[in-house]
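S.K.: Here is how the chains run, residue by residue.
Protein chains: 2
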Amino acid sequence: MFSITEKATQKRAKLHNKRLVLKTIYDQGPISRADIARTTHLARTTVSSVVARLIEEGLVAVVGQRSLDRGKPAVLLSTVDNVRRIVGVDLGGREIQGVIADLRGAVIRRIQSPLAGLEGEAALEQLYHLIDALIAKDRESILGIGLGVPGVVDVRQGVVRQSGRLDWWDLPLKKCLEDRYNLPVHIANDSHVAAFGEYTFGNGQDVSNLVLITVGMGVSAGIVLDGRLHFGDSFGAGEIGHLTVVRGENAIRCACGNKGCLETVVNEQTLVEQAREIARRNPHSPLHHFAPSPEAIDLDAVIKAFRTGDEDLQRVIMLMGRRLGDAIAAIASILNIQRIVISGSLADLGPTFVEAMQTELTASLHPMLAAQTNIQLSRLERDIVLKGAIAVVLSAETGLV
Amino acid sequence: MFSITEKATQKRAKLHNKRLVLKTIYDQGPISRADIARTTHLARTTVSSVVARLIEEGLVAVVGQRSLDRGKPAVLLSTVDNVRRIVGVDLGGREIQGVIADLRGAVIRRIQSPLAGLEGEAALEQLYHLIDALIAKDRESILGIGLGVPGVVDVRQGVVRQSGRLDWWDLPLKKCLEDRYNLPVHIANDSHVAAFGEYTFGNGQDVSNLVLITVGMGVSAGIVLDGRLHFGDSFGAGEIGHLTVVRGENAIRCACGNKGCLETVVNEQTLVEQAREIARRNPHSPLHHFAPSPEAIDLDAVIKAFRTGDEDLQRVIMLMGRRLGDAIAAIASILNIQRIVISGSLADLGPTFVEAMQTELTASLHPMLAAQTNIQLSRLERDIVLKGAIAVVLSAETGLV
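Protein chains in written order, with this note's numbering: chain A, 25 to 425; chain B, 25 to 425.
Quick caveat, the hints were computed from the structure, so don't treat them as lab data. There may be inaccurate statements among the hints.
Lysine to aspartate or glutamate pairs mimicking DMTMM-like chemistry, simulated, CA-CA at most 25 Å apart [as the list claims (entries may be wrong)]:
| hint | chain 1 | residue 1 | chain 2 | residue 2 |
| --- | --- | --- | --- | --- |
| 1 | A | K283 | B | E379 |
| 2 | B | K283 | A | E379 |
| 3 | A | K199 | A | D162 |
Full structure from sequences and hints, please.
M.R.: Quick look at the structure:
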């Protein structure tokens, strides 16, 4: 706050004005220069010169005019959303997903390439190939590259500290990509990135604080506070998979060494395993309609059978929902954040799953807080990390979001 | 970020320069104008004119000179720490505590007046009398008034939303005090204020993220993130007294309506009650050395007996420490904050109490996080809310902290 000099302040004021005008056109366009001046409180001459620069850079264009009662008609301006593009990459799944999107986050092109089995150098090479192919045609228009990476990511240094899944340890990914592409690169943990995606393009656009919980192979969260991601002292914020939610005799040993962690009772594999067990025990289970044998049951079959209202599955899934509710109660007690959004493969279980969380929340959170806390399903579905990666670049490079 | 106009930016640049120079003198003084220019990267003429203004306002003074190898000696400047003063008030105890402090937070004068039994208007009148007496002699020099209030405090509106203890409901305390004293007033929840005190004057000066846990009549926390207090969506952040830490048959019903809340097993009254029970059962308990009868045992007696190493007390207190450890594990999992500081009346139990928390932390937090998490006792003791109230005013009115 106090490290800026007067000169830097003036330069920043100029940049602020440019961003302010661009953001006003982005948020409110089509809009006239006079209305921009009214909205921003900038002088009309300042608005005119900033708009001229933005038109020259191809970010803004004249899209029409509005006739006025008197005088000459007002020229209307809009942002040229698809002139500048952003690359978003999700490294958190079995495949690398990559997209090129416009300034609104709309996907223009999409590529995926297999990642399963690839680790270390080979995974990095695969990433290079994907980005090469993505940007081949649009090189000039690209504002930057954003990536969501599973594991601990040092966003300040741009280094992947540890990603067991990719076998990356202290990999300076930001530098690798910046050297190769000569473009700005932003990397962060995939759950953190997802939270920023939800905040920017999903169910977080109306709030300034939000927690996004991803429930799939494990459970993790991303926390947005005052419109900014909270990373934590060692970039490990939101590691809620290791919250203790089961105590006593029923607590199972977790991979981390402790007992009763949330991840020991809530994850995709455990759910599928329990469903297979139900199918083996009960020849009338609706699960048999969706898979040829108990061993062939996958998450898709579980979700379909759950929707038929099978009681055994209901019991298992409600219990998972309640343990998630315990974690949400802890988050809401500590942070007093009211907007909680659920994403990941288990989010496909739908509103009934959310109801179980809300039930537990009411039973274990201070009633005043429980009444204020609002659990929703993400609307970004499988693209949430990609959207987040795009949002991170948009925020850092343009200030538009 | 984008709501400022160019003019406002210039005005802010001027204010920034003034704060920047003042802070440099505050942090590094005695210091010469040349060294200020080097540190701040401001032009020397700018530094000279800002310093002239600060001397005129009585915030800075010439305190000596340093001879140089060549040329005339450099004049050394320091802040005049006791010229401007700050009022700090703590409304969270059985008495109202009020102090006047200098710019370093050093207490110059202290007043307390009884609060027990006073509620509503009467409590407010008592507060007025205390502040009247505090500022009578120093009216001109006072920068502002800071207050820590038990309950839910809307810091944006300056309204005490609910304080059961004081029977204040939607009381516009900031406006009441500003109207009466014509001075800037800042109010916040007392645990939040305490956390900012620890961050500014205590064991948080070397970190940017910190959680302060106050353990006394109840348990609550204040969270500092990136050097700023996190208040939460409805100003209820840090209400960790209602985290569920006991599940199953042993869970006791809490005043909030739920079962197994942290406050049901960790608080001053419960500890004293359990100590009395120990004394009743065991005629050889060291507790008898510190109180004439079991009914006369108070916290002071408990702490003294605990220090003698009494096993029954050890067991009770270690269990409380472990339940606090559970809460700290949840905080560290969710936020990845490494610095945890304990304050409040139970902090007087000392390092053994902290060891119990650390033991539970190791058993229930991801081992990597547990190793990084550092639990300390506050060094501000009973003055923590007062110091925090002073820090809040210092931060808001001068930017010095």
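S.K.: For each hint given before, does the structure comply? Return the numbers of the non-compliant ones in rising order.
M.R.: none
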